[in-house]
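Visitor: Protein sequence lines correspond, in order, to chains E and D.
Just so you know, the first sequence maps onto residues 1 to 327 in the working numbering.
Just so you know, the second sequence maps onto residues 1001 to 1327 in the working numbering.
It is possible that some hints are incorrect.
[What the hints assert, rightly or not] Among chain D residues calculated to face chain E with C-beta under 10 Å, some are:
#	residue
1	1264
2	1295
3	1307
4	1312
Treat the hints as calculated values from the structure; they're not laboratory data.
Here a beta-carbon is modelled for each residue, glycine too, at the ideal position from N, C-alpha and C.
Protein chains: 2
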Amino acid sequence: MNSDPQTLAEQIIAGQRRALSRAITLVESTRAEHRRQAVELLRLLAPAAGRSIRIGISGVPGVGKSTFIEALGNRVVALGHRLAVLAVDPSSSLSGGSIMGDKTRMETLSRQSDAFIRPSPAGSTLGGVARRTRETMLLCEAAGFDVVFVETVGVGQSETAVADMTDMFLLLLLPAGGDDLQGIKRGIMELADMVLINKADGDLVATARHSAADYRSALTLVHPRTRGWKVPVQICSAVEGQGLAEVWQSIERFRAVIGGNGELEGRRAAQARSWMWSEISEGLLAEFRHDRRIEPRLDGMERDVVAGRLPPTLAAGELLRLFLHGD
Amino acid sequence: MNSDPQTLAEQIIAGQRRALSRAITLVESTRAEHRRQAVELLRLLAPAAGRSIRIGISGVPGVGKSTFIEALGNRVVALGHRLAVLAVDPSSSLSGGSIMGDKTRMETLSRQSDAFIRPSPAGSTLGGVARRTRETMLLCEAAGFDVVFVETVGVGQSETAVADMTDMFLLLLLPAGGDDLQGIKRGIMELADMVLINKADGDLVATARHSAADYRSALTLVHPRTRGWKVPVQICSAVEGQGLAEVWQSIERFRAVIGGNGELEGRRAAQARSWMWSEISEGLLAEFRHDRRIEPRLDGMERDVVAGRLPPTLAAGELLRLFLHGD
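So here's chain E without its partners, still in its complex pose:
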């Protein structure tokens, strides 16, 4: 593929869709040569990026995430925005599939010329998947997309990773009462800038309102994630299109608040710093794990540590000396 970074950068900024797709394929490639070109491309596009609102969207399976994203997405596009929908799904490499591989899930949205849907990159580590999604987000912003949704399936730490790369974090929940609510993973509640009870339609409207009340009181027990922002708990029905206007209003209100009180600037700075340092730690640990002197000894040592035969400090010390000083 033609991936002369300079040309590609110009085509992307000119809004050529195929160039954007090629660029994403480039950043997702692990080949050293592609990696070099990707890094150069990101350098060229950096000045044109960053002008979107980045929205993380998470929720338990069955909550209707893709229906919600499609319904809200169509509305956002109708308002004149250009929308990119990305995803972080570390499991996609294992499952072979991806939460958004099946485009028919978002048929109407994917037909929109102002919408760009990209499935999660495959990858064995969350760090790797997160990195490529961060880079893809940058490419999409440079291509003029001013709203970015980052969907996550909520495997383990992926919500935290997504919250780390977005300006606002939406948590979708099902209408349900009391113990049924235990499906939420630890700490996720605290990441939310907005909580949405979806599927508030038919017989479930009353239950949804009840759940909303429960979550409102539960949220009084935790610090709001964002200074100057009281986490709203709203109900909606993606299927019937109910409450979506209010959802977008809240998103715009949030954008205005964090834009006004310096939180956005601060969050973007934090996003960049945490991105740089996760690249560095990931890189160091990857080099370490695959070092020819370390690799053959790692499993055995870890087994001894886990079995309590070897103090962790000792194991780490030996391995570090071996890696850093070769003895």
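Position chain D against the provided structure of chain E, taking the given hints into account.
Guide: Same frame as chain E, but now just chain D:
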């Protein structure tokens, strides 16, 4: 000081208190020679360690942590246990002091021959403080202490670090209603294996019961941290000694549950693995930060990244190449 590891190890296992103190001073020293002796000592003592229940204790300032620890501690000692009280307080290096430097805070407990109280090691990084506390815990276990309390002031991530090195995590709270409860940091609630409303005495008993009810319902919204364990929310008064017997009963019940269903084994394995890997990442990042080629360039690059002038991937890539391959 005499710190021939072999001799020291024998004296510690023989239960000589002064040897234990000398050993702790040794593991807290950063001098390379002391570090070598400490690591050797830990290697010698590892087989004798691990036979305690490790209990993390956290709570907002003013909740009465030390009064609680002293009251529960005296009770535990009276039951024939040997108790070590440690602490993780990364701020102690800054404040110059330490949450447990002032022994008079636990006067009656510190006079007990079966109790050993050690203030938090000083240290600029949480990682460093956590490491020394982990090592001290191992020394105390080898010295025959079968109950270990690890207190934390709850600065930023320190609760997570303490939860990472203990079998059970206790969260102390004040009797208070609604919005007054917002003092809890994000995610802490989810670490708790037991929630205690302290200061449930005098006029506050009713409020305490009310808070307990609030937290019970709030807890139905999150996954219990420990398989097979429903997080109890209890009220107590450390000052009046009310409810402490029930607290210890819950701790013993918890111990029995996780001992029976394999959770304890699993948690200890996880503790050891996470300890080893945090040693490795800490070590790698420390080497990286202080590398003579990296150090002079780090600030400038981080500034450019945060200001959006330089893509994080690019900055990280350049620094990693410089560190790993010297170009």
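Visitor: Each hint needs a verdict: does it hold in this structure or not?
Guide: These are the hints, each one checked on the structure:
1. 1264: violated (12 Å)
2. 1295: violated (14 Å)
3. 1307: Residue 1307 of chain D check passes; min Cβ-Cβ to chain E is 8 Å, inside 10 Å.
4. 1312: Where the cut-off is 10 Å and the nearest Cβ of chain E is about 4 Å from residue 1312 of chain D, the hint holds.
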